Amino acid sequence: MSEHEWDALGQQWQQQAQPAADDVRTLEAALHHYRQTYRRGLYGDGFGLLVVAGLLVWTLLAKPGHAVIQAGLTLVLLLWQGGLWWLRRHWGLDHACNGLRQMLLADLRLARYRLLYHALGLPLGALMLAWAWPQLPPLAGTAQARTMLVAVALGSVGYALWAGWQAWRRISRMRVQLQRLDDGEG
Numbered sequence: 001m002s003e004h005e006w007d008a009l010g011q012q013w014q015q016q017a018q019p020a021a022d023d024v025r026t027l028e029a030a031l032h033h034y035r036q037t038y039r040r041g042l043y044g045d046g047f048g049l050l051v052v053a054g055l056l057v058w059t060l061l062a063k064p065g066h067a068v069i070q071a072g073l074t075l076v077l078l079l080w081q082g083g084l085w086w087l088r089r090h091w092g093l094d095h096a097c098n099g100l101r102q103m104l105l106a107d108l109r110l111a112r113y114r115l116l117y118h119a120l121g122l123p124l125g126a127l128m129l130a131w132a133w134p135q136l137p138p139l140a141g142t143a144q145a146r147t148m149l150v151a152v153a154l155g156s157v158g159y160a161l162w163a164g165w166q167a168w169r170r171i172s173r174m175r176v177q178l179q180r181l182d183d184g185e186g
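full-length UniProt numbering puts the first residue of the sequence shown at 1, with every later residue one more than the last.
Treat the hints as calculated values from the structure; they're not laboratory data.
Because the structure is a prediction, the values reported are computed rather than measured.
Mixed in with the good hints there might be a few duds.
[As the list claims (entries may be wrong)] Label pairs and their calculated CB-CB ranges:
#, residue 1, residue 2, range
1, Asp182, Gly72, 44 to 50 Å
2, Gln81, His32, 23 to 29 Å
3, Leu75, Arg101, 20 to 26 Å
4, Leu161, Leu60, 32 to 38 Å
5, Val176, Thr142, 48 to 54 Å
6, His66, Gln102, 45 to 51 Å
7, Leu60, Trp162, 32 to 38 Å
8, Lys63, Val157, 23 to 29 Å
9, Tyr43, Val176, 27 to 33 Å
10, Gln102, Gly72, 39 to 45 Å
11, Arg39, Gly121, 16 to 22 Å
12, Leu50, Arg101, 35 to 41 Å
13, Leu149, Leu120, 18 to 24 Å
[Unchecked claim] Lysine to any residue pairs mimicking SDA-like chemistry, simulated, CA-CA at most 20 Å apart:
#, residue 1, residue 2
14, Lys63, Leu73
15, Lys63, Ala132
16, Lys63, Val51
17, Lys63, Ala143
18, Lys63, Tyr113
19, Lys63, Thr142
20, Lys63, Leu149
21, Lys63, Trp131
22, Lys63, Ala53
23, Lys63, Ala145
24, Lys63, Pro134
25, Lys63, Val52
Think of the CB as a built atom: it goes at the ideal place given N, C-alpha and C, for glycine as much as any other residue.
Using the sequences plus the hints, can you model the full thing?
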């Protein structure tokens, strides 16, 4: 190639559109948040399954008479967890994304998943507590244990409401970012 051709090629290369810095920052922030939230969810679900399995083993060994109620609650939790894992796969939450738009859409799906998780998990937890409540005096043994359980339930309600609100805000921000991206493209 001649020097003139190299200069023309260099000019052509320099005239190519550069990605906007905001788009790159948005992509990096969305990718970081997506990975962090996804990992937290997986770790939390895994820890929850270990706790359920531990409680089931403890109940079977310490209080075999309560195995039926514990097995029922465990079955409900396992079905819940299976449904969540199916939903993650169905919505493609465990796939890597290429490009800003796909990353924003994946982050939007993850925020919707978290909103659904808390919106359905709270009533499910309340139903499980209502199912187990009549068995608590012989199972827990003391009023102090029941009080602690009520405190945990109320704390869970507060957390679920806060997390749902956070997910709703995230969905709104993702929609605005997608709209800005669409306006910039078209």
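Hints broken by the structure, by number, lowest first?
3, 18
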